[in-house]
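This is what each chain is made of:
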Amino acid sequence: MTGEGFLTKNISGITHTLESVIVAEDLCRAPGLLQRLDPRAKVVTFALFIVTVGLARSFWPLSAIFALILAVTAASRISMGFFLKRIFLFIPIFTLVIAIPALFVTPGSPLVTMASKVIITEQGARTAGLLFLRVTDSMSFGVLLILTTRWTSVLAALRWLRMPSLLVDILGMTYRYIFLLLHSTNSMFLARRSRTLGSFSSNENRRWLTRALGTTMVKSRHLSEDVYLAMLSRGYQGETRVLNDFKMEYRDFLWVAFALVAVSVAIWSNRL
Amino acid sequence: MHIPDGYLSPATCGTMYAVSLPFWFVAIRKVKQVLTTRTVPILAIFAAFSFVLMMFNVPIPGGTTAHAVGATLLAIVLGPWAAVLGVSVALGIQALFFGDGGLLTFGTNCFNMAIVMPLVGYFVYKVISANSDVKSPRRTLGAVIGSYMGIIAASGVAGIELGLQPGLFHAVNGTPLYAPYGLSVAVPAMLIAHLAVAGPVEAVVSGGVVAYLQRAHPSLIKAGAVGTKEGKLWILWGTLGVLALAAPVGLLASGTAWGEWGVDELQTMGLGFIPKGLQTLYRWWPAPLPDYGFPRMGAVIGYIMSAVLGMAVIAFLVWMLGRRLVRRTSPAAQVASQQEHTG
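Line by line, the protein sequences give chains A and B.
So in the numbering used here, spot 182 of the first sequence is number 181, and the numbers just go up one at a time.
In the numbering used here, each number is its position in the second sequence, counted from 1, plus 622.
Source of the hints: derived by calculation from the structure; they are not laboratory data.
Heads up, the beta-carbon is just placed ideally off N, CA and C, and yes, glycines get one too.
Treat the hints with care, since some could be wrong.
[Claimed, not checked] Keeping only pairs whose Cα atoms sit at most 27 Å apart, straight-line, the calculated DSSO-like set for lysine-lysine is:
| hint | chain 1 | residue 1 | chain 2 | residue 2 |
| --- | --- | --- | --- | --- |
| 1 | B | K757 | A | K218 |
| 2 | A | K8 | B | K757 |
| 3 | A | K84 | A | K8 |
| 4 | A | K8 | A | K246 |
[As the list claims (entries may be wrong)] To list a few chain B residues with every Cβ distance to chain A over 10 Å, as calculated:
| hint | residue |
| --- | --- |
| 5 | V656 |
| 6 | F671 |
| 7 | L675 |
| 8 | L813 |
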């Protein structure tokens, strides 16, 4: 592989990650249905939905939940094309590829036969479809939560759910410093790219890459010292406090009630 | 190796959360002891580093790229418990923001990549590097082999988790409800991919970074490796790592027992006979036996309960063992025991 191709791939990968999060932060401010809901209500009901998707045993509840996801997405003023691209682009497609052999190897009653041999079994088709729908549904809820909720609100909701404050603090700071480190490594790749003429061997590229990682690690170490001292000088004593001004309103209760009914119906349908 | 939601049953996910919980608990305690108020900034920034490392595309022969996890590398530089937390946080952000790994499967992914991987990797690294000099090639070799073993162990565990699904969770007509491939497919598939591609990438990255740090910043390796606060506790970490590995094997064993139980149950359920060859067939592939309708859910719940109970017992024993070891090795305890002897 040429040096340029490998560097370009890394630069575009990192830039894409940064961009996708910035887009998400913009969407959080749009005046849509989900954006207006209390983050606690969203975190709890979405978790319920994800568990329900996990428990579902047939196509109907999974398809109905996907229809619900699309409706809620539209009501939250998220562009449908953007949303579908975001959820389908990688993992569900990967899942389909994984599920294809299952069509043929799962034992069961024949669905498609050719030359008196069972090619595709009914069970195989069902398991592939279930896997695909389940993965898509579960992913959608995670994506919707992040697209419509500010990260600080998600953290505050986690704190309200009694997640240890140490973990919540770490999560919050990690998110902040991921951007710093991504920017800094992106600059390293860009600097390298701008100095590169012609191509390098994979070996040379790997060596450069491990040195870049090593340097980033040393930088992280220094950074953590500086940040710690900065925190200390602002009076940090190992505890943080969050301003929690959440208030459940009428529409939040309405949403929770709706979610509970939807979840109960979906779970009840497992018994049919 | 990031397992998305939908591949594992909620019961498996719950079990794996329960299995990971004691490790997180111990890790938080250990890290707080050493880092005190530094815990948050150091772990946060190294979790961010771990995230960035997972984003790096490493060129591999054949023209494509792969990425490393870096759990063993983090364990070498920060110590294994800090690595457990750092990688867990990085995985959490990956799952939340990028849908890379699910939210129900988060506990499972953490067990594989943030617990098994760094603990096994660090154990092997410690065995190989022992008390060698900071710049010794033994440390580089330890990082290479340790990280390789770590990722292989993790992928094997992931293969077992995925492979258990079709046998344990299927519809009445035999349709697998979650990941469709049994152990005989899932485990080799995971292992081969990681033995051939992901393992070498992990080894090259970890070995390369450790070699660079040895040359340019030996203090970083030193701080992680020779920290007196850790003492001989690496034996305990190793034991934990091995136990962590053994846990899913236990799952596997109880899975087979469950299969045998099913056949016994056939007889008592008034079937009166077991068709010839069914017994052997059943053991290898429980799925094609849909029409006898045994009380499957009860068996699954019982199996999960016993697995959780087993894990809890193991975790408790390890914890007790750990306390004993800590008491023996910590200076305060030594002073205390000396006082006991003199007094």
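Okay, the hints, checked on the actual structure:
Pair hint B/K757 plus A/K218 holds up; C-alpha atoms about 20 Å apart against a cutoff of 27 Å. Restraint check for A/K8 and B/K757: not satisfied, since their Cα atoms lie roughly 33 Å apart, outside the 27 Å limit. Of the pairs offered as hints, the one joining A/K84 and A/K8 holds, with about 20 Å between alpha carbons and a cut-off of 27 Å not exceeded. For the hint linking A/K8 to A/K246, the alpha-carbon distance of about 45 Å lies beyond 27 Å, and the restraint is violated.
Every CB of chain A is more than 10 Å from the CB of B/V656 (nearest about 14 Å), matching its label as outside the interface. Some Cβ of chain A comes within 10 Å of the Cβ of B/F671; the nearest lies about 4 Å off, and the non-interface call is violated. Some Cβ of chain A comes within 10 Å of the Cβ of B/L675; the nearest lies about 6 Å off, and the non-interface call is violated. Under the 10 Å C-beta cut-off, the non-interface status given to B/L813 relative to chain A holds; the minimum distance is some 16 Å.
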